[in-house]
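Protein chains in written order, with our numbering: chain A, 852 to 965; chain B, 852 to 965.
For the record, the hints were derived by calculation from the structure and aren't laboratory data.
Some clues are possibly wrong.
To be verified - Quick list of the computed label-pair ranges, beta carbon to beta carbon:
1) A:P896 <-> B:E883: 50 to 58 Å
2) B:K860 <-> A:V920: 33 to 41 Å
3) B:V920 <-> A:G958: 32 to 40 Å
4) B:G898 <-> A:D959: 25 to 33 Å
5) B:G911 <-> A:S918: 51 to 59 Å
6) B:R936 <-> A:S916: 48 to 56 Å
7) A:A880 <-> B:V920: 56 to 64 Å
8) A:R906 <-> B:P962: 25 to 33 Å
9) A:G915 <-> B:R950: 26 to 34 Å
10) A:D873 <-> B:V920: 56 to 64 Å
11) A:A914 <-> B:S916: 51 to 59 Å
12) A:G911 <-> B:V920: 49 to 57 Å
13) B:G958 <-> A:G958: 27 to 35 Å
14) B:P962 <-> A:D959: 23 to 31 Å
As the list claims (entries may be wrong) - Now the stretches of chain B that chain A is said to cover, found in silico as 3 or more residues with beta-carbon under 8 Å:
15) 862-869
16) 912-926
17) 937-948
If you're wondering where the values come from, they're calculated on a predicted model, not measured in any experiment.
Built from N, CA and C at the ideal position, the CB exists for glycine as well.
There are 2 protein chains.
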Amino acid sequence: MATDAQALKGHLDVLLLATMADGPRHGYAIREALRDGSGGRFDLPTGTVYPALHRLERAGLLAGSWSTVDGRRRRTYRLTDEGRRKLAGERANWRGFARAVTALLEGDPWPATP
Amino acid sequence: MATDAQALKGHLDVLLLATMADGPRHGYAIREALRDGSGGRFDLPTGTVYPALHRLERAGLLAGSWSTVDGRRRRTYRLTDEGRRKLAGERANWRGFARAVTALLEGDPWPATP
DNA sequence: CCCGATAGCTAGCATTACTACCTATCCGCT
DNA sequence: AGCGGATAGGTAGTAATGCTAGCTATCGGG
Chain A
852 MATDAQALKG
862 HLDVLLLATM
872 ADGPRHGYAI
882 REALRDGSGG
892 RFDLPTGTVY
902 PALHRLERAG
912 LLAGSWSTVD
922 GRRRRTYRLT
932 DEGRRKLAGE
942 RANWRGFARA
952 VTALLEGDPW
962 PATP
Chain B
852 MATDAQALKG
862 HLDVLLLATM
872 ADGPRHGYAI
882 REALRDGSGG
892 RFDLPTGTVY
902 PALHRLERAG
912 LLAGSWSTVD
922 GRRRRTYRLT
932 DEGRRKLAGE
942 RANWRGFARA
952 VTALLEGDPW
962 PATP
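Whenever a hint applies, use it, and build me the whole structure from the sequences.
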């Protein structure tokens, strides 16, 4: 639906990293993992996914390598140690973020700090 | 902390609208509501809040009016009908978004569609 | 023999939050 | 009297980043 057009900003990196948590994947498979794992919600254009993967590789969070399977080039990415640390941190960060947004949207008062 | 630097993108509008759900507020009070309602997490610079309020007003989601209290100018905003509809829609949207992101980050498989 | 699925890529655009700055009033402290 | 901080509003310009729209190429099936 792409209602999330702007909403993804800042969360895409974590999502990409998360798809590689259980092992290396190539770009196309990452796209599918995102689509299927979100019930079709995050059906991202390749122009979003590939540049983001390059960015994460440049940042040292992913390591990519070329291989050829059935004549098709594949670039397979795996998490680096730094990427794994980043993922853990961002997961925690997401929980805090989601909690804060939900609190504001639902009108729940934030627990008083005694 | 500002880890949320980019993460806010696309969610700021809903958050702003939500602070006006129980009645009109002026910009400064909106900032405080965001800060306090998020446990200090969303302590946004004025350069973020004021332009966003102008944007929402231009979009017809807010209506602003000037008043003077103790010599201080205040611009008070209230939700328009359209703004209220938008808020309801975006609230629902947030739930779906949060659910999808959480599912991907926690590795929960998305419920199969039977 | 062409189409769809698989697989990868890029240039340029648009959106939007942030940095860094400015103005002004009122109150409390020295 | 004067200064700083809280309150209240604002802007210009920058940086980040996801999307649009386009491209190349292989393989299998109709």
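Subject >> chain A covers the segment 937-948 of chain B, three or more CB atoms within 8 Å, holds or violated >> reply: holds (count 5)
Original post:
Could one say that the CB atoms of G915 (chain A) and R950 (chain B) fall in the range 26 to 34 Å?
Top reply: 30 Å, holds
**OP:** Using the Cβ atoms, figure out if P962 (chain B) sits within 23 to 31 Å of D959 (chain A).
**Re:** 26 Å, holds
Original post:
Is 48 to 56 Å right for how far apart the beta carbons of R936 (chain B) and S916 (chain A) are?
Top reply: 50 Å, holds
Subject >> Outcome for the supplied range 51 to 59 Å, where the beta carbon pair is G911 (chain B) and S918 (chain A) >> reply: 53 Å, holds
Subject >> Three-residue Cβ test at 8 Å for the coverage of the segment 862-869 of chain B by chain A >> reply: With 4 residues closer than 8 Å to chain A, the segment 862-869 of chain B meets the three-residue bar; holds.
**OP:** Confirm or reject the claim that G958 (chain B) and G958 (chain A) have a C-beta distance inside 27 to 35 Å.
**Re:** 31 Å, holds
Subject >> V920 (chain B) paired with G958 (chain A), Cβ distance criterion 32 to 40 Å >> reply: For V920 (chain B) and G958 (chain A) the Cβ distance comes to about 26 Å; the hint is violated.
Original post:
Would you say the C-beta atoms of P896 (chain A) and E883 (chain B) sit inside 50 to 58 Å of each other?
Top reply: Because 39 Å falls outside the window, the suggested range is violated.
Subject >> Consistency of beta-carbon spacing, S916 (chain B) to A914 (chain A), with hint 51 to 59 Å >> reply: Taking Cβ atoms as reference, A914 (chain A) and S916 (chain B) lie about 56 Å apart, which means the hint holds.
**OP:** Evaluate the given range 56 to 64 Å for the C-beta pair formed by D873 (chain A) and V920 (chain B).
**Re:** Holds: the Cβ-Cβ distance is about 58 Å, inside 56 to 64 Å.
Subject >> Satisfaction of the hinted span 25 to 33 Å by the C-beta atoms belonging to G898 (chain B) and D959 (chain A) >> reply: Cβ of G898 (chain B) to Cβ of D959 (chain A): about 28 Å, so the range 25 to 33 Å holds.
The structure shown violates the earlier hints numbered 1, 3 and 16.
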